[in-house]
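Colleague: Now that you have both chains on their own, put them together as the hints suggest.
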Amino acid sequence: MKGLVNFVKTFNYRDLIKGAAVTFKHQFKKTVTVQYPKQRLEPFPRFRGRLTLLKDENGEDKCVCCMACVRICPTQVIEIKPGKKEGRKTRYPVEYNFNMDRCIFCGLCVESCNFGAIELNNEYELAQYSRKDFYLTKEKMYLPTPKVEYRK
Amino acid sequence: MFKREIVELNMGPQHPSTHGVLRLKLKLDGETVVDLEPEIGYLHRGVEKLAENFNYLQALNLTDRLDYIAAVSNNLGYIETLEKLGGVEVPKKAQYFRVLLTELNRIASHLLWLATHALDIGAMTVFLYAFREREMILDMFEMYTGGRLLTTTFRYGGLKEDIPEGFDKKVKEFIKIFPSRMEDYEDLLTENRIWKKRTVGVGVISAEDAINLGLSGPVLRGSGVPYDIRKVEPYEVYDEFDWEIAVENGCDTYARYKVRMKEMRQSLRIVEQALEGMPEGEFRAKVPKTLKLPKGEVYHSIEAPKGELGYYLISDGKGTGPYRLKVRGPSFVNLQGLKPMCKGHMVADVVAIIGTLDVVLGEIDR
Numbered sequence: 105m106k107g108l109v110n111f112v113k114t115f116n117y118r119d120l121i122k123g124a125a126v127t128f129k130h131q132f133k134k135t136v137t138v139q140y141p142k143q144r145l146e147p148f149p150r151f152r153g154r155l156t157l158l159k160d161e162n163g164e165d166k167c168v169c170c171m172a173c174v175r176i177c178p179t180q181v182i183e184i185k186p187g188k189k190e191g192r193k194t195r196y197p198v199e200y201n202f203n204m205d206r207c208i209f210c211g212l213c214v215e216s217c218n219f220g221a222i223e224l225n226n227e228y229e230l231a232q233y234s235r236k237d238f239y240l241t242k243e244k245m246y247l248p249t250p251k252v253e254y255r256k
Numbered sequence: 020m021f022k023r024e025i026v027e028l029n030m031g032p033q034h035p036s037t038h039g040v041l042r043l044k045l046k047l048d049g050e051t052v053v054d055l056e057p058e059i060g061y062l063h064r065g066v067e068k069l070a071e072n073f074n075y076l077q078a079l080n081l082t083d084r085l086d087y088i089a090a091v092s093n094n095l096g097y098i099e100t101l102e103k104l105g106g107v108e109v110p111k112k113a114q115y116f117r118v119l120l121t122e123l124n125r126i127a128s129h130l131l132w133l134a135t136h137a138l139d140i141g142a143m144t145v146f147l148y149a150f151r152e153r154e155m156i157l158d159m160f161e162m163y164t165g166g167r168l169l170t171t172t173f174r175y176g177g178l179k180e181d182i183p184e185g186f187d188k189k190v191k192e193f194i195k196i197f198p199s200r201m202e203d204y205e206d207l208l209t210e211n212r213i214w215k216k217r218t219v220g221v222g223v224i225s226a227e228d229a230i231n232l233g234l235s236g237p238v239l240r241g242s243g244v245p246y247d248i249r250k251v252e253p254y255e256v257y258d259e260f261d262w263e264i265a266v267e268n269g270c271d272t273y274a275r276y277k278v279r280m281k282e283m284r285q286s287l288r289i290v291e292q293a294l295e296g297m298p299e300g301e302f303r304a305k306v307p308k309t310l311k312l313p314k315g316e317v318y319h320s321i322e323a324p325k326g327e328l329g330y331y332l333i334s335d336g337k338g339t340g341p342y343r344l345k346v347r348g349p350s351f352v353n354l355q356g357l358k359p360m361c362k363g364h365m366v367a368d369v370v371a372i373i374g375t376l377d378v379v380l381g382e383i384d385r
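Chains as they are written, first to last, in our numbering: chain A, 105 to 256; chain B, 20 to 385.
Pulled out of the complex, with its shape left as it was, chain B reads as follows (with noise of 0.2 Å):
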């Protein structure tokens, strides 16, 4: 009497759960997710072509925009590839201050993370708390480059100013303070029997197919694969700090969602460390007024909030400018895990789904 047929399904690009202009087309038997495409390209802006028509210092302006919720590390992967190919060394300060400044942001972007996920899934006490803290953050980056989201932090060979006075007492402020939060937060969701329903079991992925997909950062290590670029390729000081990498081995939602909380409390370990050891001196080394590099090609890659950023550059040599560069984004590459987490899941599991997989528009489209 009835006649069962699949239905196609668009979600987004205006969704509110898609997190920008995500756009999936669904395939659904009843209200079971058969089959999944994602459509990207929506905020397609050209940045690797327009990135060769700039100097290296203009190209700075536009890794900020990748991900725009972890502008610092952006800039982070982006001017240490200059450097490596320059092969300049950087002062022992700058690279403290990177690091207790990539760090931040690798909070600020969980705690983003965490707001919108908590909501998408009903959560909304969550939503208000996350960002009050991520405010504090965010006054940090405004107080130290004038920038609260685009933020322009590093400079070739050290850091754009000095550290400006009273820097490190709200450093020490929000380090006393988010440790409790912490425990606000984990309360409201760690144990909530409706939280642990909507993320038990829900977006489930092997490691073995993790890894086969190129999956990285807290969804490789929510299923239990302990990889993080700091730890297996340090870069900057992080060998001299004493942290641990968050690995959770439930491969679901909830695990993920696990790993993100300890990595913020790692975060915040090593914030502490850097800001204590922060050694006297200069914040930059010397370097020319206009930027010339070497020929040559150079891949470096670091841990960004959402998983492994690398850039690919390449210099003619003659030019101020890069004469290519490509970017490898965590929220791309992550994203191609969609589809096998979704497969038999409800429609609402994919709101779920997308959020724990923390993807950013602004670097999946470029």
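Bound-form chain A, shown alone (with noise of 0.2 Å):
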């Protein structure tokens, strides 16, 4: 009796046609995958990406030098040198220098802002073949991220 009751248990394949009817289902729907390098998804604008340094409506620094981001930002990667420049009343940056390889993206630089001079922009591809090329100057942190041709 035993053995029958385990035989047909054994032949009743309701659970396994039940998983397989899921997967069928799924044949006829519309695929969800983004074929990366060719399809590319955009960021959320809150998006955090790469820092970035804004210039206002007659190409100046926003930036006066306050020095907050500096105080703020957890893994200490940005440096500035401040700087007076005539026919300006507020300092300026002489030299921004930003460390991206340090970097952990968490936006408090931004957050700490008064004067809205960084961003973080909506770039993700940002690697580098070079260490070196993590170290951004100031004259690059205004630029978008120079495209890496892919190499063997």
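One or more hints might be untrue.
Claimed, not checked - Chain B side only, calculated, beta carbon under 8 Å to chain A, not exhaustive: (1) 161; (2) 164; (3) 206.
Simulated from the structure, these hints should not be mistaken for lab results.
Remember, it's a predicted structure, so these values are computed and weren't measured experimentally.
Backbone N, C-alpha and C fix where the C-beta goes; we use that ideal spot for every residue, glycine too.
Modeller: This is the structure in structure tokens:
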């Protein structure tokens, strides 16, 4: 009797058919996979990408070297050398160095800035071949990250 | 003719099913586990010590990196600890939104658990389906905070930013889709004979043992103990919602699977109610820009997806950062249950039991 019950149980494929039905149903659904290098997703506006310096409408630096970002940064990746310039009341950054390889993209620097002088942009392809390419000086901070040609 | 001896075997830290860098020293008699010793510390970063050199806001970043699957819960526990010491009143809107995000994070965490647990045992299909739904939640996190895993979500006294436009639409879409997707997972697993053979009766731990070892979360509830901090000691606005504690009496891996599945449904209920009842108003209380807390000590614990997550904070009243921060991580304590659960089982079952405990090494090693 017990053997018969087991025999029936073994050939009662209800559970497996139920599972197979789910996978079969999915054949006709739209694929959700993104074919990455050919197809790219656009990040949301609040996405925390690479740090960038911003200029105002006259092409002047918005940064006034209050050093709030330098102080709040948990990994100490920002270095500012302040300076004075004729025709400008506030100080301006002579040098603004950003060491991206240690940046944790937490966004505390942007949050601490009272002048809206910095921003985390929406770049997410930040890989480089050399470590020195992560070290961004002031000039490079305005520009988007140069596109890396992948090589063998 | 044949000599019978106990063989010592190292499992991990690079084993694909140990979920990170967990190393187990197994003592085997044939293929049966006689004794077992977890070796931890491969991912130690000294989070608690680092927090002493940071200010309160910077230390929030460290909590992201404890249990990186459920960063929002970690943030919530830490921020609530600060608020308990500082005695600040959080606006209602912020509280509702906090609950909403944390519950979404619980679903995301359980989905990742389901995916990897099923993958370890051998059901690959669930892995892909669960990640598809998890992606929707991560998208919401990205929309609100800007980060997908390391969210750094909340701030002292409320939220970081206001809720973006279109966020509620995304949540509503998720609420609509998710129940049918849950059914898909259950169709694939719950009655599946291979799944049942691998989980029923594996990793049994009695309620008494579970309490004695200090286990918490779904592992404890799988042994029939209805203990959930959200009900026992409600924080935020959990007492305003209508939901039930997920409990199962099986004490085994299958029971814990069912607990987590139930819990995802309950979380979805809370998300739905939180979204409907979200009041208008301020999203952050008026707090000074540099945070200084009075002298004192405080312990606060919340129900993280993995169990009881507690923070013990000491402030000396002078500095702008914690004097000492101790984290009571759920995974760390739940790992204690591995040895009694594994004894007498096969090596292949060890994989299933690690999966059912749902440990995250980032938080065990800290």
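Colleague: Holds or violated: is there a CB of chain A closer than 8 Å to the CB of residue 206 (chain B)?
Modeller: holds, 5 Å
Colleague: Tell me if residue 164 (chain B) is really an interface residue toward chain A, meaning its C-beta lies closer than 8 Å to one of theirs.
Modeller: At about 7 Å, which falls below the 8 Å cut-off, the nearest Cβ of chain A leaves the hint on residue 164 (chain B) intact, so it holds.
Colleague: Quick check on residue 161 (chain B) please, does its C-beta sit within 8 Å of some C-beta on chain A?
Modeller: holds, 5 Å
In this structure, every one of the numbered hints holds.
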